[in-house]
Amino acid sequence: DAKTTQPPSMDCAEGRAANLPCNHSTISGNEYVYWYRQIHSQGPQYIIHGLKNNETNEMASLIITEDRKSSTLILPHATLRDTAVYYCIVSGQVRGAQKLVFGQGTRLTINP
Amino acid sequence: GAGVSQTPSNKVTEKGKYVELRCDPISGHTALYWYRQSLGQGPEFLIYFQGTGAADDSGLPNDRFFAVRPEGSVSTLKIQRTERGDSAVYLCASSLGGTRSYEQYFGPGTRLTVT
Chain E
1 DAKTTQPPSM DCAEGRAANL PCNHSTISGN EYVYWYRQIH SQGPQYIIHG LKNNETNEMA
61 SLIITEDRKS STLILPHATL RDTAVYYCIV SGQVRGAQKL VFGQGTRLTI NP
Chain L
1 GAGVSQTPSN KVTEKGKYVE LRCDPISGHT ALYWYRQSLG QGPEFLIYFQ GTGAADDSGL
61 PNDRFFAVRP EGSVSTLKIQ RTERGDSAVY LCASSLGGTR SYEQYFGPGT RLTVT
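Here the protein sequences come in this chain order: E and L. The working numbering applies: residue 1 is where the first sequence begins, and numbers increase by one. The working numbering applies: residue 1 is where the second sequence begins, and numbers increase by one.
Hints were generated in silico from the structure; no laboratory data involved. The C-beta atom is built at its ideal place from N, Cα and C for all residues, glycine as well. Wrong hints could be hidden among the right ones.
Stated by the list, open to error - Calculated from the model, a selection of chain E residues having no Cβ within reach of chain L, i.e. all distances over 10 Å:
1. N19
2. P44
3. H49
4. N54
5. E58
6. P76
7. D82
8. F102
As the list claims (entries may be wrong) - Partial selection, computed: residues in chain L whose CB lies under 10 Å from chain E:
9. P8
10. Y18
11. V19
12. S27
13. Y48
14. V114
15. T115
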């Protein structure tokens, strides 16, 4: 699985958009980009995933560059409850169960 | 509906003892995963099951670790001769198979402390 690089920490004001970057320059053609987050003392929670098109769901948007070497997770209106560690993961095809290789993630702090 | 549950939530054991950690996945989920998370680190993959069989056990650190899922539902992670370095939070996750396998649902974890 391709390796990802994320900033160790970020801050964002409540109500503003939080933009979390991720580099995955060695991603291969059949690998997806996944984002999970982990709120303190809880198990990780799936947020969103994508292959090459931008994706949006009720939680977030995922913007993937055309060369697929980087992506950005966008939380459009961050709240205090979005304070968590956010993991960007690159893994194989969606079909079939896949192990997730977590890195260190980005610790996002939402400030009031 | 009920999520993934794990028991016990906390386990303290002495070095050298045997422990079993249990995971109850979401009903109907065919895939089940075990991860462990050390303090300040991201979760580390251990093993995953598709149905009753271990489809990938490449993350098990050594032969002291073993996991079973005999009926394709509940799974038990077994650790023999525990060492202090085994202290971590052990996370279980489950997912649907097929095209919905990308979304893994995690339990709250079992915090294992080896003294």
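Problem set entry | No chain L beta carbon within 10 Å of E/E58's | Its Cβ never comes within 10 Å of chain L, the nearest being 13 Å, so this holds.
Exercise. Does L/S27 pass the interface check with chain E, least Cβ-Cβ distance below 10 Å?
Worked result: violated, 17 Å
Exercise. Given L/T115 as an interface hint, is the shortest Cβ-Cβ distance to chain E below 10 Å?
Worked result: violated, 21 Å
For this session: Examine each Cβ of chain L, and state whether all of them lie more than 10 Å from the Cβ of E/P76.
Result: Non-interface label on E/P76 holds, nearest chain L Cβ at 21 Å vs cutoff 10 Å.
For this session: Let me know if the C-beta of L/V114 comes in closer than 10 Å to any C-beta of chain E, holds or violated.
Result: With a minimum Cβ separation of about 20 Å from chain E (threshold 10 Å), the hint on L/V114 is violated.
Exercise. Would the hint on L/V19 stand, with a C-beta cut-off of 10 Å toward chain E?
Worked result: violated, 19 Å
Exercise. Taking the least C-beta to C-beta distance, is L/P8 closer than 10 Å to chain E?
Worked result: It is violated, given that the least Cβ distance between L/P8 and chain E is near 15 Å, above 10 Å.
Exercise. When the nearest CB of chain E is found for L/Y48, is that gap smaller than 10 Å?
Worked result: holds, 6 Å
Exercise. Does E/N19 really sit off the interface, with its C-beta more than 10 Å from all C-beta atoms of chain L?
Worked result: holds, 21 Å
Problem set entry | Claimed clearance of chain L by E/D82, with the beta carbon kept past 10 Å | holds, 18 Å
Exercise. When you look at the beta carbon of E/H49, is every beta carbon of chain L farther off than 10 Å?
Worked result: violated, 5 Å
Exercise. Would the stated hint for L/Y18 survive a check requiring a Cβ distance to chain E of less than 10 Å?
Worked result: Nearest chain E Cβ about 25 Å off; hint violated.
Hint violations for this structure: numbers 2, 3, 8, 9, 10, 11, 12, 14, 15, all remaining hints satisfied.
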